[in-house]
Amino acid sequence: MSATLFLEQLINGLQLGTMLFLMASGLTLVFGVMGLINLAHGSFYMVGAYLTAAVTAASGSFMLGLGAGLLGAAAAGALVELIVIRRLYHRSHLDQVLATFALILIFSEGTRWLFGASPLWLSTPEWLSGYVTLPGDARYPLYRLVIIGVGITVAVGLYLLISRTRLGMRVRAGESDREMIGALGIDISRLYTAVFALGAGLAGLAGAMVGALQSVQVGMGEPVLILAFVVIVIGGIGSIKGALLGALLVGVVDTLGRVFLPLFFRGFLPPSEATDVGAALASMLIYILMAVILAFKPKGLFTVND
Amino acid sequence: MKQLARLGLGLLLSTGLATAHAEEVKIGMITTLSGGGSHLGVDVRDAFLLAIEQSGRDDIEVLVKDDARKPDLARNLANEFMQRDEVDLMTGIIWSNLAMAVVPSVVRQGTFYLSPNAGPSALAGRMCHENYFNVAYQNDNLHGAMGAWMKEQGYERPLIMAPNYPAGTDALAGFKHLYEGEVADELYTQMGQTDYAAEIAQIRASDADSLFFFLPGGMGISFMKQWQNAGVDLPVFGAAFSFDETLIKAVGEAAIGARNTSLWAYDLDNDTSRAFVESFQQAYDRMPTLYAAQGFDTANLILSALEQAHPDDQDAFREALREADFDSVRGEFRFGPNQHPIQDIYVREVVAGEDGEPTNRLLGIAVEDIQDIYHVDCKM
Amino acid sequence: MLALLLVLPVAADLLGHPYYVSLASRLTLIAMAAVGLNLALGYGGMISFGHAAYFGLGGYIAGIGAYHAFDATAFMGLLPGSDNLLVLWPLAMLACGLLALLIGAVSLRTSGVYFIMITLAFAQMVYYFANSWPTYGGQDGLPIYLRNQLPGLDTQDPLTFFLICFTGLVLAMALTSRLMGSRFGAALTMARLNETRLATAGISPYPIRLLAFVVSAVITGLAGALYADLNGFVSPSMLSWHMSGELMVIVILGGVGRLYGPLAGAVLFISMETLLGGVTEYWQLFLGLVLLGVVLFARHGVMGWLAGRESPGREPHE
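Protein chains in written order, with our numbering: chain H, 1 to 306; chain R, 1001 to 1380; chain L, 2001 to 2318.
Treat the hints as calculated values from the structure; they're not laboratory data.
Just so you know, even glycine gets a beta-carbon here, dropped at the ideal spot from N, CA and C.
Any given hint might turn out to be false.
Derived Cβ-Cβ restraints for the label pairs, each shown as a range [stated by the list, open to error]:
#1 H:L263 x L:S2204: 42 to 48 Å
#2 H:L82 x R:E1278: 28 to 34 Å
#3 L:L2008 x R:R1126: 35 to 41 Å
#4 R:D1315 x L:A2072: 41 to 47 Å
#5 H:I148 x R:P1235: 53 to 59 Å
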């Protein structure tokens, strides 16, 4: 195992982490501010990817597609918030789980109805294709570095938004005391719509960016959704900082585990068994990580409010 | 409009015109029409219905049900077909795990089952059955053929990769069985994995001279897209499951240059195939995949046997199926002793088509008359 | 409602429609699994998003037993296989109980959303483990070629098997009813509604909840074992988070914390699946719309709507 390969895998972990952060930040904001548990968050990821693929195919411009994916997902988020989600804020978690589970079914089947069952085509644009040479002569895809860049930009942007702007102030107020913010005369329903749309837009952005690397198909949001839940639970629900740390942790642990566990078991098991055991353990690794963290810190690493 | 016409045809066929024809034949089709990988089921269904329509027979009723790729749902639908609708024969299942859930109990209860896709090793060997016919392939056929062909082409250290599940491990075992040499490494990925950065880094770090992978459906799309930008210059090989006409359109230019084995190619030089491609394109406005070809062959095999006997006369009907006296789009077609095909496997290369979109071009035959290795375990 | 569920399949069998008998068995078992979940989720207020783990584990016990009995081999080279349900059922219940004890012991340290998510995480662990362990089929699942045996009965007969499932459901509901009528049930309700008051009575809520969680898992696990025998098949899809979600949906559809809620939910869910599935390829879209309608407008599930009042066992929203 060379240092170069290790470095490369570490960057891969970071890239997965930043992508998860885009998903998790919206999820955690929506929970932190509105107390809503949203299973349908993965659907916005899918909507973002589908719109990007469709608009890119129609216009020939990836940037245009990306914009459409981001804004379209945000618009879909705002719409869903207005029609369904706002009726759920005062409901139990149970009702929220059921309603958003129903939304997953509606979004998935609706998308299949509109776009058909076949995966859509979306590819990285010419100018983002190719690779960059890293120290140690490793080649690394430029596009993945761009994803990391976008993730960092969003993280910084969110930090500034929340710490420096009026919207952020209201969000923080909402997180610490939901009753208070209404009493301050802030139009709470508009704030909620905005926060929900922001989260949906970020998920759409993640879907759009990753759509160029993966297949754009119905149900693509679900595996990411579960990972994003793991992330926010590890980080502490409602905490952006926790989401960032949790995302990077999950990204790196998952990537490194998948590569190095089978290699580790090859040290003392025959290859096929080592692969079986290693792969089985690697696929369980982040859930084990989550269980261990919650066993010691039942409210995640960063607790926003108790 | 074509969509509407097709829907109409489907409804017509599935409601079956309800005329109580004395010799009417009921076919139950359980296939995947929703969720991930549903384009396979849609192609099988469309081509199957096309063949029935072309036969001009109005005494055949085809009931189509969606299994949503869930084994337990498929099992329930099978019970529904056998117990409520009393179908004469069944077909349609796409996935090996669903076939393993459904087929053994169906054939034991005396209903014929013809597989238009999916050929798990158990059903070809230890658990073969006189009422089970596989019209598509045994799962190893395409992988083994690629192993043999790569050996012949002089590749010395292929790195091979598949998801860590039974069909994946079978695929690699099948490849190695006919490759008969050392491989550079074996990588196992997770089912449904979407990011392959870690594997690509490992492939780059290895000393392999070629890459063979089996990543069906969306997994293959994701992998190929990520492979394109990784700057690894290894030739890529696979089975048609990752390179059907629908999938390579979704992969785009990243697929170009990849070579893959298939039991059928749309540019195959025979009349049946040409007529099939033309009529399929006319009916559905898209290029048929190998799954469509398999569905079409399955229907035509059934039609040829129905000329001889009604499924109620089980022995005669079974005998007629075994003869396989129909014009296959693959050219020659015959069954081995375990009622799985003995067939030629072709190699294709993905090239840029006239419209710039990727498409498969036939290179030649990889292996002639390939037969699965499990038939020796089949005691029928 | 139970009587109707008993009469219809018997009638269907007499009329020669075995299909409807197996459909009724399926409905009965899904209802039974939901009865199990309802004990934790409804009466105990523990929103478990991971009950598929027990449903699937129960199924796998039945499957693995049959697999070794069929092959005349031994589990881990130690335990011989068995196709006797009198052996397999207690085994499935024991295994699920132990797993739930383990999962519950860790998970119950958390609450609220964290509890939902940690139960999901544990179920995902079991799911991935089953997926990647090749001996028992991995992702392809494990077929049960001959239904497991019960001495003196022909389990292959659809009606006989239905009656076994039906007995299981009735017992599960009777157990729930007895439990909730006991001091234990009162303590569990109190633990949900007002933890502090329970504590002042000198009772710690943790062991009460843990016990309810374990019993709940045992019921769901037994339903899973029967379900595997009914289908003649067990696969990781029984362990997936979709399965957990569906069980939750059924409980909520029927009415949380109501004795007949899970049964009503299962009837509704299975009939929607059967009827809509026959009409359109996109039936899940309509299922989603119906579910959404139920949450938004029929707040207390079908049973609540029928009864037209607040559920006695329902939590006041947080």
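Hints, one by one, checked against the model:
{"no.": "1", "hint": "H:L263 x L:S2204: 42 to 48 Å", "result": "holds, 46 Å"}
{"no.": "2", "hint": "H:L82 x R:E1278: 28 to 34 Å", "result": "violated, 50 Å"}
{"no.": "3", "hint": "L:L2008 x R:R1126: 35 to 41 Å", "result": "holds, 40 Å"}
{"no.": "4", "hint": "R:D1315 x L:A2072: 41 to 47 Å", "result": "violated, 33 Å"}
{"no.": "5", "hint": "H:I148 x R:P1235: 53 to 59 Å", "result": "violated, 30 Å"}
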